[in-house]
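Chemist: Here's the letter readout for the chains.
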Amino acid sequence: MAEWNAAKPKNAVAAWVEERLPILSLVNNVVGVDTPTPRNLNYWWNFGSLAGLMLVVQIISGVVLAMHYTPHTSLAFDSVERIMRDVNYGWLIRYMHANGASFFFIAVYTHIFRGLYYGSYKAPRELLWMLGVVIFLLMMATAFMGYVLPWGQMSFWGATVITNLFSAIPVVGESIVTLLWGGFSVDNPTLNRFFSLHYLLPFVIAGVVILHLWAKKISDSGNPLGIDVKSNADQIPFHPFYTIKDAFGAGVFFFVFAAFIFYMPNVLGHPDNYIPADPMVTPASIVPEWYFLPFYAILRSITFDIGIPFTDIVFIPAKLLGVLAMFASILVWLFLPWLDTSKVRSGKFRPTFRWFFLFLVIDMFVLTVVGGKKPEGIWPLVGLIGTAYYFAYFLVILPLLGKIEKTLPLPESIANPVVKAAE
Amino acid sequence: MKLVKNIAIALTAAVGLAGASFAAGAAKHPMQLEWSFEGPFGQFDMQSAQRGWQVYKQVCSNCHSLKYFHFRNLADLGYEEDMIKAWAAEYTVIDGVDDAGDPKERPGLPQDVFPAPFPNPEAAAASNGGAVPPDLSLMSKARHDGPNYIYSLLTGYEDAPADHEMPAGKSYNPYFPGGAISMAPPLAEGVVDYEDGTAATAEQMSKDVVMFLTYVAEPKLVDRHHMGLKVLMFLGILTIVLYLSMKKIWKPIKSGRNVYEDK
Chain V
4 MAEWNAAKPK
14 NAVAAWVEER
24 LPILSLVNNV
34 VGVDTPTPRN
44 LNYWWNFGSL
54 AGLMLVVQII
64 SGVVLAMHYT
74 PHTSLAFDSV
84 ERIMRDVNYG
94 WLIRYMHANG
104 ASFFFIAVYT
114 HIFRGLYYGS
124 YKAPRELLWM
134 LGVVIFLLMM
144 ATAFMGYVLP
154 WGQMSFWGAT
164 VITNLFSAIP
174 VVGESIVTLL
184 WGGFSVDNPT
194 LNRFFSLHYL
204 LPFVIAGVVI
214 LHLWAKKISD
224 SGNPLGIDVK
234 SNADQIPFHP
244 FYTIKDAFGA
254 GVFFFVFAAF
264 IFYMPNVLGH
274 PDNYIPADPM
284 VTPASIVPEW
294 YFLPFYAILR
304 SITFDIGIPF
314 TDIVFIPAKL
324 LGVLAMFASI
334 LVWLFLPWLD
344 TSKVRSGKFR
354 PTFRWFFLFL
364 VIDMFVLTVV
374 GGKKPEGIWP
384 LVGLIGTAYY
394 FAYFLVILPL
404 LGKIEKTLPL
414 PESIANPVVK
424 AAE
Chain R
22 MKLVKNIAIA
32 LTAAVGLAGA
42 SFAAGAAKHP
52 MQLEWSFEGP
62 FGQFDMQSAQ
72 RGWQVYKQVC
82 SNCHSLKYFH
92 FRNLADLGYE
102 EDMIKAWAAE
112 YTVIDGVDDA
122 GDPKERPGLP
132 QDVFPAPFPN
142 PEAAAASNGG
152 AVPPDLSLMS
162 KARHDGPNYI
172 YSLLTGYEDA
182 PADHEMPAGK
192 SYNPYFPGGA
202 ISMAPPLAEG
212 VVDYEDGTAA
222 TAEQMSKDVV
232 MFLTYVAEPK
242 LVDRHHMGLK
252 VLMFLGILTI
262 VLYLSMKKIW
272 KPIKSGRNVY
282 EDK
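Chains as they are written, first to last, in the numbering used here: chain V, 4 to 426; chain R, 22 to 284.
Hints are computed from structural coordinates only; laboratory data are not their basis.
One should not assume that every hint holds.
Stated by the list, open to error - Pairs of lysine-lysine residues, derived as BS3-like cross-links and limited to a Cα-Cα distance of at most 25 angstroms, are as follows: (1) Lys241(R) x Lys88(R); (2) Lys162(R) x Lys376(V); (3) Lys351(V) x Lys275(R); (4) Lys49(R) x Lys162(R); (5) Lys377(V) x Lys49(R); (6) Lys377(V) x Lys162(R); (7) Lys49(R) x Lys376(V); (8) Lys351(V) x Lys406(V).
Working from the sequences, and respecting the hints, build out all of it.
Modeler: Dropping the structure here:
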């Protein structure tokens, strides 16, 4: 397990500070020269630092936007247009922030699916993984509320649809919705509280990120082979080796990010959000942002009640079941460390698992497409099958597969990845 | 009741029995034109944008407001300050109240927003058979494939098919969701007398007004394209330097060095 080393700075001022508050040691031990890290991390391990960078981009650009934005239903849309037209480089800051949300999710989704493939959630990293799930949930809430702030048509109607989901909860549902709205419809109090929370939650995320990094330090980084570090030969210091590799990855990632900001700033958005919110006009179709589509598809895939067949007795109506399915689709990740029964961490050595994992990735893309389509024709059926596979993967396949799969022999060590299987 | 209604709306949207969406899906796909502002080096065609401004001022502005457009913005289209002042002064705007508390009027100034044709949506609807002509400031971004959509809509009027029932006062336009649009065909050949002598065909005027409205919707487009090129060049070079540094730093690791024990 991880060791903590005290930093011994040569600089007198740094030494003075370090003696009183060992903040240099903290950095050194988590992402620095005193952080022994597996030497075999591949490029999929870049996306954690990318997600962290995107959080910083979002907070900085967001704080500047908040200096010019007015959270009032009659002024919000105009204030955003003023940012786009009359604030110096306001267009740049806003396009960074709007596309930044998408790129934050790209980084985080890749980070999550890297974890799913390489078994990063398994012992001793259960809490590290669960803190990640908490971060993802906070991100979803933050992104959803942020999309409401420009007070365009999609903002208003997206807020109406999503907040109304809570009304499906028995007994307290309608009270929760009233609380979310601050009234009896999505209106100015809703916009005000969403702005307040949209500003607050990123700092909560930053706090959980610190816990996430702390847990990473304690349990060490996983690695593509999924085997434990055995000796010094398996490790290299985080700095300079992974700092430079992360910096290179950030260069590539930001190049693509910049291409979107400067050359296609609106392709990931919906044109209806350039129409001011109008409670009297429902848009032809209400579509969430792309990063919510898989979960939106799961929500909509449930169109049947659960009850006693051939009677009118309904235990769980379709709407509630859909809402439960949507929340369960993310909350199930919290139980993943115990649902996956395989002793082998990395998918590299699990030949059958790899196929199921590949289908899960395809399934996510299919659900993304389904979430963006009108639920007509073939799409509801595709959505239902996609949802069924999604839950089967976590609740049936992973628990059973770990017991029956014949895994490949594991290498002897990270430094000497010659398979010892020959024996 | 409002709650019940909201839930019904939400359910309709969430479960997706959106009746209105069917009509929207029936709109004809817009014609595809080439525009000078497209692509990484895209710019506005100033001549065309100036003609578009003339079309907007003489035709569109009779019904459509342009609430995010100020007279001062005309400088971006290449107009001289004197000209902009003169245009602004053609209009009367209300600016606060006088000592008696009555609204004070004055001639327009460059910093003023282009005056709206109607004082409020109700007045706009009353003069237009119940339909409010939408503000055009963001039209080019507020529709899928906006520029092509506007062009197609303006040039796409035709006689309604025999089986298509038309409400009174509406015109048939296959590019409009539902087909029945409240706006009568606005651009007839020669309705504008171009200052630069260009023949004012409906197609030409439509193209020009799209150029103008796209400028109004995205006034910083050219700045954005220019800055983007510099940023991408910078990031490209930086990334190459970082890649080469990484290769150099990692070289001993790749050849199997144990950082902690090998000297």
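Chemist: Which earlier hints turn out false for this structure, listed by number in ascending order?
Modeler: Nothing - there is no hint that the structure violates, so all of them hold.
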